[in-house]
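Now for the letters of each chain:
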Amino acid sequence: MITPQPRLRAMLSLSITAVFIGGLIASQWLLTDSVQRMQFGARLAPPSLEHWLGTDALGRELWARTLAGLALSFWVGCLAALLSTLIALSLAALATLSARLDALVSLLIDTLLSVPHLILLMLIAFALGGGTQAVIIAVAVTHWPSLARVLRAELWQLRQAPYVHISRALGKSRWFVLHGHLLPHLLPHCLVGALLLFPHAILHEAALTFLGFGLSPSQPAIGVLLAEAMRYLNGGYWWLGVFPGLGLLLMVLMFERLSSQLRRAL
Amino acid sequence: MTKATRPILLGIALSCLAAISTAQAKDQLILAIGGEPEQGFDPLLGWGQYGNPLFQSTLLSRGQDFTPQPELATKWSLSEDRLTWTLTLRGDARFADGTPVTADDVAYTFNTAAKAGGRADLSALAEATAIDEQTVTLRLHAPRITFIDQLLTLGIVPHAERENGYSEQYGRHPLGSGPYQLVEWQEGEQLIVERNPYFYGPTPDFERLVFLFTGEDATLSAAHAGQVDIAAIPPALAANVTTSMQRVIMESVDNRGILFPMQPDNGEHAASEAPIGNDVTADPAIRQAINLAVDRDTLVEVALHGFGRPAFGPADGLPWSSDEERIDAPDLAQAKGLLDAAGWELHDDGLRYKEGLPARFRLTYPSSDTTRQLLAEVSAEMVRPLGIEMQPTGRHWDDIQRHALHQDAILFGFGSHSPQEVYYLFHSQHAGNGYYNSGFYTNSAVDTHLDAAQAAPSSEKANRHWQAAQWDGTTGYGLRGDASWAWLVNLEHVYFADTCLDVGELGVAPHGHGWPITANLLEWRWVCD
Numbered sequence: 001m002i003t004p005q006p007r008l009r010a011m012l013s014l015s016i017t018a019v020f021i022g023g024l025i026a027s028q029w030l031l032t033d034s035v036q037r038m039q040f041g042a043r044l045a046p047p048s049l050e051h052w053l054g055t056d057a058l059g060r061e062l063w064a065r066t067l068a069g070l071a072l073s074f075w076v077g078c079l080a081a082l083l084s085t086l087i088a089l090s091l092a093a094l095a096t097l098s099a100r101l102d103a104l105v106s107l108l109i110d111t112l113l114s115v116p117h118l119i120l121l122m123l124i125a126f127a128l129g130g131g132t133q134a135v136i137i138a139v140a141v142t143h144w145p146s147l148a149r150v151l152r153a154e155l156w157q158l159r160q161a162p163y164v165h166i167s168r169a170l171g172k173s174r175w176f177v178l179h180g181h182l183l184p185h186l187l188p189h190c191l192v193g194a195l196l197l198f199p200h201a202i203l204h205e206a207a208l209t210f211l212g213f214g215l216s217p218s219q220p221a222i223g224v225l226l227a228e229a230m231r232y233l234n235g236g237y238w239w240l241g242v243f244p245g246l247g248l249l250l251m252v253l254m255f256e257r258l259s260s261q262l263r264r265a266l
Numbered sequence: 267m268t269k270a271t272r273p274i275l276l277g278i279a280l281s282c283l284a285a286i287s288t289a290q291a292k293d294q295l296i297l298a299i300g301g302e303p304e305q306g307f308d309p310l311l312g313w314g315q316y317g318n319p320l321f322q323s324t325l326l327s328r329g330q331d332f333t334p335q336p337e338l339a340t341k342w343s344l345s346e347d348r349l350t351w352t353l354t355l356r357g358d359a360r361f362a363d364g365t366p367v368t369a370d371d372v373a374y375t376f377n378t379a380a381k382a383g384g385r386a387d388l389s390a391l392a393e394a395t396a397i398d399e400q401t402v403t404l405r406l407h408a409p410r411i412t413f414i415d416q417l418l419t420l421g422i423v424p425h426a427e428r429e430n431g432y433s434e435q436y437g438r439h440p441l442g443s444g445p446y447q448l449v450e451w452q453e454g455e456q457l458i459v460e461r462n463p464y465f466y467g468p469t470p471d472f473e474r475l476v477f478l479f480t481g482e483d484a485t486l487s488a489a490h491a492g493q494v495d496i497a498a499i500p501p502a503l504a505a506n507v508t509t510s511m512q513r514v515i516m517e518s519v520d521n522r523g524i525l526f527p528m529q530p531d532n533g534e535h536a537a538s539e540a541p542i543g544n545d546v547t548a549d550p551a552i553r554q555a556i557n558l559a560v561d562r563d564t565l566v567e568v569a570l571h572g573f574g575r576p577a578f579g580p581a582d583g584l585p586w587s588s589d590e591e592r593i594d595a596p597d598l599a600q601a602k603g604l605l606d607a608a609g610w611e612l613h614d615d616g617l618r619y620k621e622g623l624p625a626r627f628r629l630t631y632p633s634s635d636t637t638r639q640l641l642a643e644v645s646a647e648m649v650r651p652l653g654i655e656m657q658p659t660g661r662h663w664d665d666i667q668r669h670a671l672h673q674d675a676i677l678f679g680f681g682s683h684s685p686q687e688v689y690y691l692f693h694s695q696h697a698g699n700g701y702y703n704s705g706f707y708t709n710s711a712v713d714t715h716l717d718a719a720q721a722a723p724s725s726e727k728a729n730r731h732w733q734a735a736q737w738d739g740t741t742g743y744g745l746r747g748d749a750s751w752a753w754l755v756n757l758e759h760v761y762f763a764d765t766c767l768d769v770g771e772l773g774v775a776p777h778g779h780g781w782p783i784t785a786n787l788l789e790w791r792w793v794c795d
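Going down the list, the protein sequences come from chains E and V. Heads up, the first sequence is in our numbering, so the first residue is 1 and it goes up one at a time. Heads up, the second sequence is in our numbering, so the first residue is 267 and it goes up one at a time.
Hints may be right or wrong, so weigh each one.
Said to hold, decoys possible - Here are some, though not all, of the chain V residues that point toward chain E, as calculated from beta-carbon distances under 7 Å:
hint	residue
1	ASP483
2	HIS490
3	LEU503
4	VAL568
5	GLN639
6	GLU647
7	PRO651
8	ASP665
FYI, nobody ran anything at the bench for these hints, they're computed from the structure. These figures come from a predicted structure and were not determined experimentally. Ideal Cβ placement from N, Cα and C applies to all residues, glycine included.
Isolated chain V, as found in the complex (with noise of 0.2 Å):
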């Protein structure tokens, strides 16, 4: 669907909805918070990787202090050797046909998506066996301190073999056993669910929810006309509340930044047939003088309205990342010494010059990003003082992986509940895989802090590891260390919200300004007659 139909179609849409919804406004939710998945609502493709995939269950659910709770599963163990999980689920989840959920599905699930090839990383699964109707048992090849994420994350889909069960259209046909089931999805346009009849948990407020797909511009005008009942906002954007809305902040660890290509351009080119390397990003003076001049207070300030905070790592506060990580203040003059030092010589047009080339770089962001444009366009400003031209350009995210992906500057999105994150982003076992390490970054050092946080023991002992691939005092991915990356924000999420809606205590969101609002969904009551 083309941006130039989406308003009308919206507008069309947003008349008949707003008619329903006056008869029916304790019944439905018209929400616009964007995020649809291209590839459907399918688990094992990617469908929920930060949790609460809505149509499905998982078999553990993250608390607000980020414990693993009881979902579909009851009771969970790991064996002495940290290989075997075991799993025992609860009787009364039945799926939205009313079909038991059984140790066979979560054991299909687990092996389907081993050989999926989504998101959901399965690697170290060796095989996942349905012992009886309610115990299940996941064998890994060697210990992974991660694993557990996958319980917290994947949705459960029925076994291929059962009636309506798992084929390749699941993802435009999902069923699942989580609190709402599927009734239409126009892509491009909407989604439309209501309430699992058969859902275990509590029954949710709202008989059914509509799931508007617009983009920035409609939804800003959608929140203000009063025609939605919540929307996801850029901060940017998010100073002026309209009389029948409020503004509703979630905490995040949603953050951006600028991923640099690592490797020099060679005349390499990716699998997908995109160019790698960039002859500037590659040094690593360029890297580290960019980190030192960026004032992200400012940014925090300019680019978000303040709904943030500086980011100096992909994971900052959370315990796999270190406190040290951090610049105090921009430091422009210890930039242009190392500038200097790096051979980098500032010539009459303002510009630093090696050896003939120009310190002149694209910075790219997906142009219907308005947060992520002005991040790129800002930060450019900043380092210009120093004779280095970063190049702000907005490209479809089809051009970006065409062309932009392993060559430019990129501005990314990351942000999780799990390390799991960091390994994707800093191993060079996934250079080039997908949009995480998509600047091939490799430092055999970082490969082995990595390597060892997955094997460790226990979660304060990966930490450790996690920081040391970080910094270890020699090397890391860190500001430090390589700078393979120069993190600016952490997000906050803004919406707005019908004063009537009381959404609850909001947890701390992941990366993906929408979807994550929708955790404590159960919890979500209208409060006006």
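Extracted from the complex, chain E is given alone in its bound form (with noise of 0.2 Å):
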């Protein structure tokens, strides 16, 4: 058997990402709001051809409901990941500059790699007071340790670099060493970190909101709907979170293999 190239699954695993998340993105723009209107008749209909995935308990079509909520789920996602990222790069780039600083970016990192995820970020959140805003900081200020592990390791292997020393000693300042030949080098593992970051940064945003610290109930989160579910669930309405559940689950391993197959390829 044939064994495709690592490329060539990065490629596939990334048209399919995209034509997924494309197609998440354009729904929202392409559907009026009439498809989350309340139907007062259709409470809690069961999944039909008339209400493909049902209806929740204000008669709204299950289906745009967890398309909204993957969108925002998406957008929060990416806006956390990239912000982790940011200050992933920038704490390595800053253990870079002195031993001192080192020693101290990894105090910074190791404190917060020792406390609890979901405890960190319920505490950020609510004393941010909630809201989209809230769970994007929250979220982005306690996922970058790892990454920013893995980044200033990277650094301080490219500082050993024959041409990081000739450059040094040509007189170039430290920020033109970093900014011309270190940060370069690094695009790609900031790429693949901000990958892996993000199905965490959603899977977390849906656990932060399901709890009740994150995104208000009135959003169409998936976060929102699950927990809305769980109210359900004993009359039988499963769907309501099934589905939600399973549309959080595709997006979620769709970037984890998109990260980990442009790990190898990169």
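Hey, can you piece these two chains together into the complex? The hints should help.
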């Protein structure tokens, strides 16, 4: 059996994910508010030809709510992962400037890694008063340490490279070396790191919202849909939890796969 | 305690309690009815503001027909000038430490509560004086028709100068002469109480009560698992009852409605630094249009699953509220006409604008409350065809107080057995005072009617003034006047109770889904072996 090339597999994963995300974003542009309108005569309707994934307690189409939830999770995950990567990169770069700063950054990384993720997330989100911004900030400031550790190690290795030594010997500034020689090498690591962070970010966003510390219950986030589903499970309304849950799982697996393929390819 | 850890702790607690309750089913009840008071069980700071404070006794109690009944006081009278109440105390009342309740304790309670700044409004009280061991007088600055409510709701605490007397820590360690005494309170988790052996009334059937403070989801799960004996259930989730539980419905005057910020946004801030004012809701046409557009019958059906009735005012069906204050059916055409006349033009995006200002504002509700969430979302959907966008936004209470209280429309709930609440809600004197008149409603004509009601010589005459404050033919706080609220629904309180628990004849509950069901606790019986 012929194993496809890593780059080919990565391209395949990238294409599938791009189509999925493109479709998700397009759906939010194309679909009007009307698909999420309440239909008081069709509350908690099970999946059928008329209501593809069923309806919720206010008669809103679950497929539309799930799509909106996934789109919201995507944006929150994107921003949180991006912010997290920037923090990781900045601190890793800072660590290369001096031994003291390196010790400080290492201490910060170790401290954050020793605190349970979810507890810290809840504390930060609660302190910031909840809402989309609070979730993004909370997820971003709790997810950077692992990536920062990788980037810092990579930077230390790069600093020993001959061309870096030559550059310094020629009198180039630290900033020039960092900006001109070191950071370009880190971009692939950052890309993979951000992609690896993304599934974590959206899962934690959903968890935070599910626990009541995240987005407003009136926003169609996946965590909100799952929390609502919990309340109605006793009544046998299984579709309220199954479809949003599957949607989230699909998106997380897709990005997980993409990031692992990219890591191999790069 | 975070919401996340509560279910885990609840699980552990329930496992232990379920084991105990199997052996002592008749002696112990487990209640998950919510309502944990933030400031503790201190009547001077607001505990028991609607009566039946559990640990303490009140001077009088409310009968099923709302008439005053003897409690700590066996006789009471009001002087001819309506300035002095004289009350005679019963001789057998004792605090849970065995010491007698005296007129000194009553005088101390009233004098201290007047200064404490809690929810008990004793601004009319000049002085409470103990005449002898069993007689106390309460002298007022001016006649006040609702003063009797303080006799019905304020729990009596022991004088600070006696052993085990009142102190700053009283709310955590309450000592009173009510039917139960506190054994343990783990804040955010549970409260354990036991019979007060010195209680003067009939001995309660249950030796021990355990109150679990859980969120809606955990409470519902516990009720379905049969791990609690009685649980407060949001109406929307009350459709499915397990076989071991029965659905108990309690009538109430508990209502839900939308309070509108009445002032325009002038950049002012309250003492709490929360911003004041909202340019959209300050326009009466917006408020009146919303009132006309909301279909209250559908709200009851969709958001309450039928467990309630439409609301048009803060005290529907009570003598101090006018029966004429109602809207028979939603009228979108009239609502649109009002908005057109007021200069709110409908644009292509489906939203109305007035001088560039979009008809859009947040409708904030506490995110932990499913009922209010549903009411907010359905109401927003109902006014959307008008071109008004109400944005339902769930927030924590702390966040509401810090940011939203005076600038967002808030989905509030009130409901009292006393017209005093109407005074708090609509008198300009209470503008910005806590949750009551947080929209800064002011209308001098309404103030005049409310003050006249307080000074009236009889309830009947007072009721005419209370009703005139709602609408006097020219103005008022109600639907036909300033439409300062869009009252939506009156709730029925729904509980899941064990089929073996007989809760007797329930009265009419005030605001607060939970504690009010304990009002007739002494009648509760366990009917199984």
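Cross-check of the supplied hints:
no., hint, in the structure
1, ASP483, "6 Å, holds"
2, HIS490, "5 Å, holds"
3, LEU503, "6 Å, holds"
4, VAL568, "5 Å, holds"
5, GLN639, "5 Å, holds"
6, GLU647, "5 Å, holds"
7, PRO651, "11 Å, violated"
8, ASP665, "5 Å, holds"
Comparing the model with each earlier hint shows a violation of hint 7 alone; every other hint is respected.
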